[in-house]
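Chains as they are written, first to last, in our numbering: chain A, 1 to 121; chain B, 1 to 176.
Hints are computed from structural coordinates only; laboratory data are not their basis. A portion of the hints provided could be inaccurate.
[What the hints assert, rightly or not] List of simulated lysine-lysine pairs, DSSO-like, C-alpha gap at most 30 Å: (1) B:Lys-125 <-> A:Lys-23; (2) A:Lys-97 <-> A:Lys-3; (3) A:Lys-23 <-> A:Lys-97; (4) A:Lys-97 <-> A:Lys-49; (5) A:Lys-49 <-> A:Lys-23; (6) A:Lys-49 <-> A:Lys-3; (7) A:Lys-49 <-> B:Lys-125; (8) A:Lys-3 <-> B:Lys-125.
[Claimed, not checked] Chain A is nowhere near these chain B residues, computed Cβ spacing over 10 Å in every case: (9) Arg-83; (10) Met-175; (11) Ala-176.
[Stated by the list, open to error] Sample of chain A residues facing chain B (criterion: CB under 8 Å; computed from the structure): (12) Lys-23; (13) Ser-29; (14) Arg-34; (15) Ser-44; (16) Ser-52; (17) Cys-87; (18) Lys-97; (19) Gln-99.
A quick note: this is a predicted structure, and the numbers were derived from the prediction, not measured. Heads up, the beta-carbon is just placed ideally off N, CA and C, and yes, glycines get one too.
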Amino acid sequence: MLKVLRILDDDDLYRRIAPYHVKSDGIVSSAAFRTRQNPYAAVSVDLAKLTSPQETLSRARQPGFGVGSLVARVPRSLGLTVEHNPCPNNIAHSLIKGQNTKSNCRRMAEATEVIVHPDGT
Amino acid sequence: MVAELEEQTDTATAGFQTPDDLHAFWLTETVRRHTLGSIGVVPETRSEPTAEWLLGPTWQRLVQLSRLEPDWNSYGAEPMSGRAIHAARGLLELMRESLGDLLGERIRPYAVAPVSDGGIQLEWKGTKEDLEVEVGPQDGLSYLLVEGEAPDRHFVEQDAASSSDVIQVLARVLMA
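Model the full structure from these sequences, guided by the hints.
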């Protein structure tokens with residue numbers, strides 16, 4: 001049984017950023033947080049205190065991705081929930097749940113700091 | 001000199017085989033505009049801006065996106081939908097026809113990004129407002145209009161938008 005941690009508002013969350021998802025001004029595109037057609041689909045992130053940017057990158061099957069860091073307080077301030085959801089192959093795995101609206105995606109994207117730039121940006 | 005510059009441009013617009021051709025055209029056109037402007041000739045006298053001039057980089061980006069493979073975002077994304085690519089091109093052509101003469105290069109999207117469901121997001125920045133248009137995998141249109149600046153921003157989301165809705169709101173964003 002994997003231990004589920006309580007995520008604090010100040011905790012950082014990592015999300016892999018695809019090469020086309022950093023705009024020319026260095027800001028992450030809201031498309032990076034858009035999930036599939038179901039507006040309630042959760043957004044997968046990694047809890048930073050249980051991983052590293054390199055580990056987050058290593059879980060991608062291909063090279064070239066970047067890593068963005070988002071403070072848990074941001075999605076919570078938008079009415080979304082942030083839960084630790086550990087998996088056997090990724091104990092840092094966490095989910096941002098709630099209405100995945102365009103404005104919520106935009107706000108999360110703008111608050112995301114790119115800590116590893118994807119290829120080509 | 002003006003005739004020479006015009007002739008150069010006509011030659012350059014004959015067709016683009018490679019991205020280098022397009023880039024060369026771009027440089028030529030930029031030089032032409034600057035030069036005509038510097039000798040007192042208003043350069044914006046052509047009847048209709050060419051699609052290549054206005055939207056060539058966007059076409060190239062759409063071609064690149066059409067080649068994305070499944071799971072391109074590492075979170076299980078769908079490949080780009082052919083319907084979305086086709087619809088995005090159609091929408092941009094419509095924008096060029098409707099607004100190209102008036103707004104010139106400003107109709108070129110600021111950002112073009114793939115969406116994990118196989119759709120495409122086009123983004124424009126105005127001086128007071130921003131617009132994100134999403135072309136869904138089944139070619140449906142929706143948009144997010146961002147009005148004002150933080151902390152007093154206002155967000156307007158519109159699902160099931162028509163092409164004319166999108167063109168109207170884009171005109172508003174770019175002319176504000």
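*May I ask which of the numbered hints given earlier this structure violates, with the numbers listed in increasing order?*
7, 8, 16, 17, 18 and 19
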